[in-house]
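What follows is the residue order along each chain.
There are 2 protein chains.
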Amino acid sequence: MGKVYLIGAGPGAADLITVRGARLLGTADVVLHDALVEPAMLDYAPHARKIAVGKRCGQRSTAQHFINKQIVDAALAHDVVVRLKGGDPMLFGRADEEMRALEEAGIDYEVVPGITAMLAVAARIGAPLGHDFCAISLSDNLKPWSLIENRLRLVAEAGLVIALYNPVSKARPWQLGKAFDILREVLPADIPVVFGRAAGRPDERMTIARLADAEASSADMATCVIIGSAETRVIVRETKPDLVYTPRFVKEGAR
Amino acid sequence: MGKVYLIGAGPGAADLITVRGARLLGTADVVLHDALVEPAMLDYAPHARKIAVGKRCGQRSTAQHFINKQIVDAALAHDVVVRLKGGDPMLFGRADEEMRALEEAGIDYEVVPGITAMLAVAARIGAPLGHDFCAISLSDNLKPWSLIENRLRLVAEAGLVIALYNPVSKARPWQLGKAFDILREVLPADIPVVFGRAAGRPDERMTIARLADAEASSADMATCVIIGSAETRVIVRETKPDLVYTPRFVKEGAR
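Taken in sequence, the protein lines are chains A and B. In terms of my numbering, the first sequence opens at residue 1 and continues consecutively. In terms of my numbering, the second sequence opens at residue 1001 and continues consecutively.
Pulled out of the complex, with its shape left as it was, chain A reads as follows (with noise of 0.2 Å):
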């Protein structure tokens, strides 16, 4: 029986994984990947056989039980086997789900962390997270939505930078507008809006917008949007793209 290691990929770019998540890419036997991960960091596992597992993989099924399924059954024929994930491996989606089919089956396993999407953008656009943040998946078909409405009003009056993880899809097309709605009842008008597309790829796309104007429209399923506290403030540069920090200090009577 082999062990499965659980490894973050990143946002995408190939250089981005950790050393250690590269270095036990290169001795595994199989590596199970998401779509989403850039086709240069499967280099990393020359002798692998690679299989692309879940969503967009044109697998005849992308239910989570089937992907469990394949990842314990190939560390039952094989020494080291890969789950890459894109970002990090038990942020969101169904780590939980993974790891727990593991346990189960008595299979030896181990968790390479990985860059989650927001730590990706914010290093693109200067610190938006540099003070209290959250981060909250938009999507509704696990939660209900009045939870997530209810989660965004509190953590706008706990003045927390938010990440929206998920903000759109196609099952998804009005959950992002009306959570800008939501929090344009509680927050100041010229709040930054970071839209923060495929940080670090070739197709990256950075965008600020005051949180007024900002419209859904602008993010996609690649996208992570990140609003800012009444604290973050904007760099305006002359000749390259605008900055967006939060600063550490929090002055006497914010909330």
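Calculated from the structure, these hints are not laboratory results. Mixed in with the good hints, there may be bad ones.
As the list claims (entries may be wrong) - Calculated pairs, SDA-like style, for lysine to any residue (alpha carbon to alpha carbon, straight line, at most 25 Å):
#1 A:K240 / B:E1103
#2 A:K69 / B:V1236
#3 B:K1069 / A:R124
#4 A:K3 / B:E1238
#5 B:K1251 / A:R94
#6 B:K1170 / B:M1206
#7 A:K69 / A:I51
#8 B:K1003 / A:R94
#9 B:K1251 / B:A1212
#10 A:K3 / B:V1234
#11 B:K1170 / B:A1222
#12 A:K251 / B:Q1064
Position chain B relative to chain A; hints supplied.
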């Protein structure tokens, strides 16, 4: 005039830096690094002059403007300067000030993200950050404590998993205990609390407590504390340490 790379060293283990970060260290003329970084990390930079900066490095001055000046001065005298910071370079701490100092000096720079503490802890203990979460610093020397209390209450009411950065220090002896008291007013008694110390390092120590029993003395300066939501679960294992995970499903009626 040289270029400055603000690079995240990750949680401490030398192979949890990104491939890009390790490669750029190899090109560095000067590396200004935190005291927290493992010595082996500096082996990536065989040709560089290494300068330990900041707290606990025995510097004459640990004021941030002094570090900023060191970075700018190094960039004026050398081609490639690396500022190596523990975790992610732009999360909490003084990242925004270093960035602004470089902006003001007109020096070209680039940020390479890193694995921040909560991701490293999560990777070792299961998937506690599997769903909506926040990161809050308990350091109250730059923001009023009343603000921190308010934030803790609101994020607990929002049902977010809570990662606490800077939970304790010599100058901050009572804050974590007070934070637990506040959270106990809002959250169920049996919510799991993870004390994740020095994740992935030789002196790692991961412990889990019920919120009702969580004691501030279980944390030190190298600890990231993760407080679960009402959805967070513990997997009890017989021959291995227990695991904590937060599922992606949230049932109807949950707040």
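Results of checking the hints against the structure:
The suggested pairing of A:K240 with B:E1103 holds, with an alpha-carbon distance near 11 Å, which does not exceed 25 Å. Restraint check for A:K69 and B:V1236: satisfied, since their Cα atoms lie roughly 22 Å apart, inside the 25 Å limit. Between B:K1069 and A:R124 the CA atoms are separated by roughly 23 Å; this keeps the pair inside 25 Å, and the hint holds. Using a Cα cut-off of 25 Å, the hinted pair A:K3 and B:E1238 holds, with the two alpha carbons roughly 19 Å apart.
Straight-line distance between C-alpha atoms of B:K1251 and A:R94 comes to about 16 Å, which keeps the hinted pair within the 25 Å bound. A hinted pair counts as satisfied when its Cα atoms are at most 25 Å apart, and B:K1170 with B:M1206 qualifies at roughly 22 Å. Between the alpha carbons of A:K69 and A:I51 the distance comes to roughly 13 Å, so the proposed pair stays at or under 25 Å and holds. With a C-alpha separation of about 40 Å, the suggested pair B:K1003 and A:R94 falls outside the 25 Å cut-off, and the hint is violated.
The hinted pair formed by B:K1251 and B:A1212 meets the criterion: a straight-line CA distance of about 24 Å does not exceed 25 Å. Taking the CA atoms of A:K3 and B:V1234, the gap is about 23 Å. The hint holds against a cut of 25 Å. Straight-line distance between C-alpha atoms of B:K1170 and B:A1222 comes to about 13 Å, which keeps the hinted pair within the 25 Å bound. Between A:K251 and B:Q1064 the alpha-carbon distance is near 19 Å, which keeps this suggested pair within the 25 Å criterion.
Checked against the numbered hints listed earlier, the structure breaks hint 8 alone; every other hint is satisfied.
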